[in-house]
Amino acid sequence: MNTKTPLSSKNTIEFRGVSFHINDILTRAIVSGISLEIPQGETLVLLGRSGSGKTTLLKLMNGMLLPTKGEILVQDRSTAAWDPIRLRRGMGYVIQDAGLFPHFTVAENIGLVPSLESWGISLTAARVDEMLQLVGLDPREFSHRRPRELSGGQRQRVGVARALAADPPILLMDEPFGALDPVTRAELQREFSALARRLGKTIVFVTHDLREALLLASRIVLLEVGRIVACATPQEFLRLDHPEVRAFTSSLAIAPGTPA
Amino acid sequence: MSPQMTTWSFFADHRAEILGATLDHLALVVIAMIIAILIGVPLGMFIVQRPALRTIALGIASIFQTIPSLALFGFLIPIPFIGGIGKRTAIVALVLYALLPILRNTYVGLTGIDPAVLESADAMGMTRAQILFRVRFPLALAVILAGIRTATIITIGVATIAAAIGAGGLGTFIFRGVALVSDALILAGALPAALLALLADFLLGLLERRLKVS
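Protein sequence lines correspond, in order, to chains H and Z. Following the working numbering from start to finish, the first sequence increments by one per residue and tops out at 260. Following the working numbering from start to finish, the second sequence increments by one per residue and tops out at 214.
Accuracy of the hints is not assured; some may be wrong.
[Unchecked claim] Calculated cross-link-like contacts (lysine to any residue; reagent style SDA-like; alpha-carbon spacing at most 25 Å):
1) 212/Z <-> 108/H
2) 59/H <-> 134/Z
3) 212/Z <-> 103/H
4) 212/Z <-> 155/H
5) 59/H <-> 111/Z
6) 87/Z <-> 168/Z
7) 59/H <-> 115/Z
8) 212/Z <-> 144/H
The hints are simulated quantities; they were obtained by calculation from the structure and are not laboratory data.
So that you can see chain H by itself, here it is in the shape it has in the complex (with noise of 0.2 Å):
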């Protein structure tokens, strides 16, 4: 039995013409007219303002919000058709606050899933022993201590462990660093980097901060209320002649420093 990696190995997300409208009082688009393909061991980078839908199209991949037109396909098969459970189980979800269950300690935050996928429990020590070094923390130090009894910065060290923890194809990442004071940001991010480029997984990351959409990115998806914008590497991305590009470009201009 394949418990270690719920998705096959092909993981690419398409989205199909995918809109998604919420009906209260008036329908209102959140997204529309999305098409979009991610390959495998992609990271692609959902840049834009607050409310622009970056978190709507994290969402609708791991089948939390269903699409109202189009579909998503993950693995080839749609989101409506997928298990729910199956499929987020294959995939690592970090969010800003890093989620963390205040009542178990870090081995359990990060050994949740695999416990959950019955691993065993000699396995699933050893694999969080394992995430915990990933992450650069000490796991003779941290294993035990629960969330509250961590900084910030580890807080989302560990939020990344117990994402990367049943070893998903995929990993999903809202604003993983948006909480961080900007010298821990910076360090994350770098770090992040350069295992983002060892682990070779299809990674989808959020972000507000074209800074770190540049650091990150192999691609960069810039949406502008609902829609997509501009789709571009980094360094296309610069020179793109777009109203919603010079504004996130100009934002850069004004902080002292170049990007990376």
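Starting from the structure of chain H, add chain Z where the hints point.
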């Protein structure tokens, strides 16, 4: 003889009776609380996902709280099976009183959890049952226990009135004392009841602090 002397000597002379009544009282409270917890906590877990039932369940529980306790005991007497004179009727009334704090705190505890934690649990592919039992419930435990603590203290007080329908307990002394205009008799019921309430508050408070997850 001064009134204090009377009270003291009354306590001394009736030690066994007072102790017996205190144990009876405690038995009423413990049985009622066990039943109230067995109903209130699962019901609270059940209504978390069902908004329509939530309003009805919390509404009914609130109504029972607003009925004066003596009246509630009176209402229950003519009802077949659960009514009549004695302990059974008293326990039913005590359960109805204890239900609201337990139900409400269970509901509030289970719903008042950091949305980021619940979102992670969902996104990690935990099933609804796993989220309820492994995330929501342990995180809500301190709040649920606070409800149980409130309910226990209310029940210890209300149980003194159960003596009016022949359920025994410390209320027996109080009613007799009122009838005979005897402070000593009233105190023989009221003091142990107050001490029980303080003790329960203290012990459950200790447990609550230990279960709290910050």
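Original post:
Which numbered hints turn out to be false for this structure?
Top reply: none
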